[in-house]
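**Q** Chains as they are written, first to last, in the numbering used here: chain A, 60 to 486; chain B, 60 to 486.
No lab work stands behind these hints: they were computed from the structure.
Note that the coordinates shown come from a computational prediction; the quantities given were computed from them, not determined experimentally.
Check each hint, because a few of them may be wrong.
Because identical chains share one entry, a pair is satisfied inside a single copy or across any pair of copies.
Straight-line alpha carbon distances no greater than 25 Å define the calculated DSS-like cross-link-like pairs of lysine-lysine that follow [said to hold, decoys possible]: (1) Lys144 - Lys94; (2) Lys336 - Lys82; (3) Lys85 - Lys144; (4) Lys336 - Lys94; (5) Lys85 - Lys336; (6) Lys235 - Lys85; (7) Lys82 - Lys235; (8) Lys235 - Lys336; (9) Lys265 - Lys160; (10) Lys235 - Lys265; (11) Lys144 - Lys160; (12) Lys144 - Lys336.
Number of protein chains: 2
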Amino acid sequence: MVRQERKDAMSIAWTSRYALRTKNIKSSAIRELLKITQRPEVISFAGGLPANDVFPIERFEETCKKVLEQNAVMALQYGETEGYKPLRDMIASRIARYGIKAQAENVLITTGSQQALDLIGKLLINSGDRVLVEAPTYLGALQAFNAYGAEYLSVPCDEEGLRTDLLEASLRFGPKFMYVLPNFQNPAGTTLSEDRRHTLVSLANKYGIPIVEDDPYGQLRYEGEHLPSLVVLDRENLPHDDGYTLGNVIYLSTFSKTLAPGLRLGWIVAPPEVIAKLVQLKQGADLHTSTFAQVVAYEVARDNFLDEHVRKLRDIYRERRDVMLAALAQYFPSQVRWTRPKGGLFLWVSLPEGMDANYLFREALKHNVAFVPGNSFFAASDQTQDGRRHLRLNFSHARPDEIREGIRRLSIAEKTQLEQLRSVRRT
Amino acid sequence: MVRQERKDAMSIAWTSRYALRTKNIKSSAIRELLKITQRPEVISFAGGLPANDVFPIERFEETCKKVLEQNAVMALQYGETEGYKPLRDMIASRIARYGIKAQAENVLITTGSQQALDLIGKLLINSGDRVLVEAPTYLGALQAFNAYGAEYLSVPCDEEGLRTDLLEASLRFGPKFMYVLPNFQNPAGTTLSEDRRHTLVSLANKYGIPIVEDDPYGQLRYEGEHLPSLVVLDRENLPHDDGYTLGNVIYLSTFSKTLAPGLRLGWIVAPPEVIAKLVQLKQGADLHTSTFAQVVAYEVARDNFLDEHVRKLRDIYRERRDVMLAALAQYFPSQVRWTRPKGGLFLWVSLPEGMDANYLFREALKHNVAFVPGNSFFAASDQTQDGRRHLRLNFSHARPDEIREGIRRLSIAEKTQLEQLRSVRRT
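Extracted from the complex, chain A is given alone in its bound form (with noise of 0.2 Å):
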């Protein structure tokens, strides 16, 4: 037996044993933000929280009385990777109306869909393989994406989403798929034109490039007609349909902004065999998503309820969106231009040339209001953006009266900083 003399030992230097990969690391800036801007005080425009008045508790109180009574040992025990069957036959049955055809074999369930995202990353990225993201695009799946050594093609958006005229040029570098947001894009509010998504699908079938479709806002709209999603179009442009076991798309959606982003609960749709792929790399990530959180939101969500609360939410937020677009026509500057989100949570500022959202950041602070900068928004690699002149406002988590006054707060920030601006310039 080895036993060496006490007191002698030394501690190892942890960060000395780190992966590579843990260098594209930082934390993100939200989350570091949404500490800060926790204080009461503070009217929070930052994160991308559901409205806290809006939860359906007493359902939440039945259903959990309801499991607990006629469905414990299942909701308790251990459970397939693959989640819950009712829910991904309902989830199946939800997206169906939409038209994407899919059963229980084309659905996984994910702890999130930032758990979704980091399947994909691990089921597609070498390290240095480009994905071709939007720019702006979720912050959420950079980091994601960064942990599996992704570099990127970004390819700007205007108002009506991805500019796709501008695609081609990137598609020719090779990117391994394409992350895209088509409805009320995190973080620019904005949604893909139909048009535009039928010439983002033919693209991808014509360099044969995969498309990662994003879609928590998506029954989050407060105005105009739902637009078919890219696995629609991509499969209208298939030889045969029969089920979805073919195709270029792989579809994310979530409960976090419709139910509770508290479950953890978020799902992939795509064809069985890279269901079963995904399968595989969920076992070694966490087993499987909380028996007892799925079980639950199958519970709350049946019978039409989700439906119904989906209605509510959305009269609720689009109030809030348009307190917010009144209040922005209100009391900004007309130097200053936003986006008009026909749905989803929020809606991106941008500012006059010369001015740095980063530091208007800190002034608003000082006025007891937050947003997110809008650089955490751009790939590092992504040189053509200047992220610093654009803001990220949800609108979705503050009260009706908070947002007035957040925002009269923001544009007494922004002034003051103009101000500011005008007086180097000055001199």
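For chain A, the structure is supplied; the task is to place chain B on it using the hints.
**A** Okay, now just chain B, sitting in the frame of chain A:
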């Protein structure tokens, strides 16, 4: 706009897009077996499942009601990546009883301890790095580490656990870290002796190799005294001990075996700088573990409920272990050997030379009894051990009468195979 003619599209060959790491990934034999063995007529010793009849269902019911009445918004909303603070405090104070001086800043809540293994692989393993593991070891760890391209150094175990007398030779190959299960090991059921624990931490210190100590079953001890954790022994060696900021050991545990696996709640205990990096990786992996599951688990466990519940579990599982040991002695011939675990959920059976647990598995299924063949528990690169002669039996899930009957059936399958083997040898 590019809109191609319809019906000319080709589907992507998805498998050709998969990342290199997926070549190392197979589905867990256990999870596939669990599906086969879910037929009600099968007595299964295969899974690592808690008994169905021990879940504290009433306590869960009261707790869900209380949480949703008093704390619903917190439980349903997004939470911090680190985990629910009261739960982290509780875990820190629980492990303090065993001499591990941790605070909340040392604790990261994970989506089951499977995610702890995945995050540790993500943090530490570069493709081709060697991980030192016990032979046999927990197959879920191999599965998690395989996704990061781990190679393995396997060190054999005996009745006293890891053969620390054989450890130094392997340490000189420079493993990135060691992964060990000191208490009631999965699959072998053995416990690392106190002398060997001292040797292990001393050698880890001598070579500067970190230890990942996985302890899912530590509380489920049915006889004898608790042995000191590797964290504690490692810290005794430190020249000064001002809180858990240094040290060579990362410690893992879970509520899956003491409360309910369906919650998917595990944790990592480590120096704060390691926790901070793991938090960044977890942000990209699933943002955070279900707040609902965390708040419910905290409220279920508090006020000594968990301790009382664990005492009950010990009595139930001790009886089942004793029934299985007695049935093995009654039904099996003397050439078959097995371990006598002092705790946990498993024992490990060694068959006579020439027998193959994979054949026995097929024969056993004909008799409606199931287990996990041993070869799943050895790293693929490990040529030193013959996993085929071993099988893992779980004694926590089946009831005592089922255990007796299952072992009787298994002995018939074993005798059938032994006779076939003899007749082959005769010819």
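**Q** Each of the hints needs a verdict: does it hold here or not?
**A** Tested hints:
{"no.": "1", "hint": "Lys144 - Lys94", "in the structure": "between (37 Å within a copy, 13 Å between copies)"}
{"no.": "2", "hint": "Lys336 - Lys82", "in the structure": "between (27 Å within a copy, 10 Å between copies)"}
{"no.": "3", "hint": "Lys85 - Lys144", "in the structure": "between (36 Å within a copy, 22 Å between copies)"}
{"no.": "4", "hint": "Lys336 - Lys94", "in the structure": "between (36 Å within a copy, 17 Å between copies)"}
{"no.": "5", "hint": "Lys85 - Lys336", "in the structure": "between (28 Å within a copy, 9 Å between copies)"}
{"no.": "6", "hint": "Lys235 - Lys85", "in the structure": "both (23 Å within a copy, 23 Å between copies)"}
{"no.": "7", "hint": "Lys82 - Lys235", "in the structure": "both (22 Å within a copy, 17 Å between copies)"}
{"no.": "8", "hint": "Lys235 - Lys336", "in the structure": "within (17 Å within a copy, 28 Å between copies)"}
{"no.": "9", "hint": "Lys265 - Lys160", "in the structure": "within (23 Å within a copy, 60 Å between copies)"}
{"no.": "10", "hint": "Lys235 - Lys265", "in the structure": "within (14 Å within a copy, 44 Å between copies)"}
{"no.": "11", "hint": "Lys144 - Lys160", "in the structure": "within (17 Å within a copy, 43 Å between copies)"}
{"no.": "12", "hint": "Lys144 - Lys336", "in the structure": "within (18 Å within a copy, 35 Å between copies)"}
Checked against the numbered hints above, the structure violates none of them.
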